[in-house]
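Each protein sequence line maps, in turn, to chains G and H.
First residue of the first sequence? That's 189 in this note's numbering, and the numbers climb one at a time after it.
First residue of the second sequence? That's 15 in this note's numbering, and the numbers climb one at a time after it.
Don't read these hints as lab results, they were simulated from the structure.
One thing to keep in mind: the hints can contain errors.
[Claimed, not checked] Far from chain G, by Cβ distances over 12 Å, these chain H residues were calculated:
{"hint": "1", "residue": "Ile18"}
{"hint": "2", "residue": "Leu33"}
{"hint": "3", "residue": "Thr34"}
{"hint": "4", "residue": "Gln42"}
{"hint": "5", "residue": "Thr44"}
{"hint": "6", "residue": "Met45"}
{"hint": "7", "residue": "Asp78"}
{"hint": "8", "residue": "Ser83"}
{"hint": "9", "residue": "Thr88"}
{"hint": "10", "residue": "Phe89"}
{"hint": "11", "residue": "Thr91"}
{"hint": "12", "residue": "Thr93"}
{"hint": "13", "residue": "Ser95"}
{"hint": "14", "residue": "Asp101"}
{"hint": "15", "residue": "Asn115"}
[To be verified] A few chain H residues facing chain G, derived, Cβ under 10 Å:
{"hint": "16", "residue": "Gln20"}
{"hint": "17", "residue": "Phe47"}
{"hint": "18", "residue": "Gln55"}
{"hint": "19", "residue": "Thr58"}
{"hint": "20", "residue": "Ser73"}
{"hint": "21", "residue": "His119"}
{"hint": "22", "residue": "Phe120"}
{"hint": "23", "residue": "Gly123"}
{"hint": "24", "residue": "Arg125"}
[Stated by the list, open to error] With a Cα cut of at most 35 Å, we get these calculated DSBU-like pairs of lysine-lysine:
{"hint": "25", "chain 1": "H", "residue 1": "Lys79", "chain 2": "G", "residue 2": "Lys230"}
{"hint": "26", "chain 1": "H", "residue 1": "Lys79", "chain 2": "G", "residue 2": "Lys290"}
{"hint": "27", "chain 1": "H", "residue 1": "Lys79", "chain 2": "G", "residue 2": "Lys245"}
{"hint": "28", "chain 1": "G", "residue 1": "Lys230", "chain 2": "H", "residue 2": "Lys21"}
Backbone N, C-alpha and C define an ideal beta-carbon position, used for all residues, glycine too.
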Amino acid sequence: GENVEQHPSTLSVQEGDSAVIKCTYSDSASNYFPWYKQELGKRPQLIIDIRSNVGEKKDQRIAVTLNKTAKHFSLHITETQPEDSAVYFCAASEVTPLVFGKGTRLSVIA
Amino acid sequence: SAVISQKPSRDICQRGTSLTIQCQVDSQVTMMFWYRQQPGQSLTLIATANQGSEATYESGFVIDKFPISRPNLTFSTLTVSNMSPEDSSIYLCSVEESGGNQPQHFGDGTRLSIL
């Protein structure tokens with residue numbers, strides 16, 4: 189089955205800097221890669237996703253890149269703000285359900 | 015996206031008892047899932063709730079401990095049976111609105127503490 193590795197487990201950045209979170213997956217058949225943001229005590233919320241026929245997708249300050257050959261995908265957050273502080277989870281699947289990474293705790297320091 | 019209502023939002027239970035968690039969606043959805051999230055951990059899939067048939071359980075989870083119902087396309091329940099302190103966790107309902115590897119959305123979760 190699919191296995192998703194996520195790094196780093198914790199990340200601290202200064203406000204205004206960029207943050208990058210990386211994930212690798214094991215199943216070359218996986219074709220859907222979403223990212224979720226979970227604030228303390230809240231539900232995981234989908235923030236961006238990408239499918240295997242696309243190499244990059246951007247939505248305002250967040251972007252996701254996918255390298256199918258290397259089987260890794262990354263979340264990029266630019267101009268970070270304190271409200272970006274949360275735990276971020278990557279996930280992968282060929283068919284549902286999703287397999288999640290272990291999460292990255294992002295702290296944005298004002 | 016679909017609005018997912020989960021209840022109770024939290025509960026404190028005695029060991030040996032059982033609790034049923036409900037998940038109600040405001041529209042018909044193809045897929046419903048139940049996840050467990052232990053403190054500070056990732057999301058672990060318990061099972062896929064299948065409408066009109068037995069749920070599909072992931073390795074390490076069994077029907078006797080986590081019976082699941084899904085009587086229609088908008089509702090599912092998860093029961094945590096014969097609870098022990100190790101069952102203290104957040105239990106989350108998730109839905110995929112249509113088939114074919116579409117985005118999953120989560121309910122607010124049920125925070126369960128076992129004394």
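Now the hints, each set against the structure:
no. : hint               : verdict
1   : Ile18              : violated (8 Å)
2   : Leu33              : holds (19 Å)
3   : Thr34              : holds (20 Å)
4   : Gln42              : holds (16 Å)
5   : Thr44              : violated (9 Å)
6   : Met45              : violated (6 Å)
7   : Asp78              : holds (22 Å)
8   : Ser83              : holds (18 Å)
9   : Thr88              : holds (18 Å)
10  : Phe89              : holds (18 Å)
11  : Thr91              : holds (18 Å)
12  : Thr93              : holds (20 Å)
13  : Ser95              : holds (22 Å)
14  : Asp101             : holds (20 Å)
15  : Asn115             : violated (5 Å)
16  : Gln20              : holds (9 Å)
17  : Phe47              : holds (5 Å)
18  : Gln55              : holds (8 Å)
19  : Thr58              : holds (8 Å)
20  : Ser73              : holds (9 Å)
21  : His119             : holds (7 Å)
22  : Phe120             : holds (4 Å)
23  : Gly123             : holds (6 Å)
24  : Arg125             : holds (9 Å)
25  : H:Lys79 / G:Lys230 : holds (26 Å)
26  : H:Lys79 / G:Lys290 : holds (25 Å)
27  : H:Lys79 / G:Lys245 : violated (41 Å)
28  : G:Lys230 / H:Lys21 : holds (14 Å)
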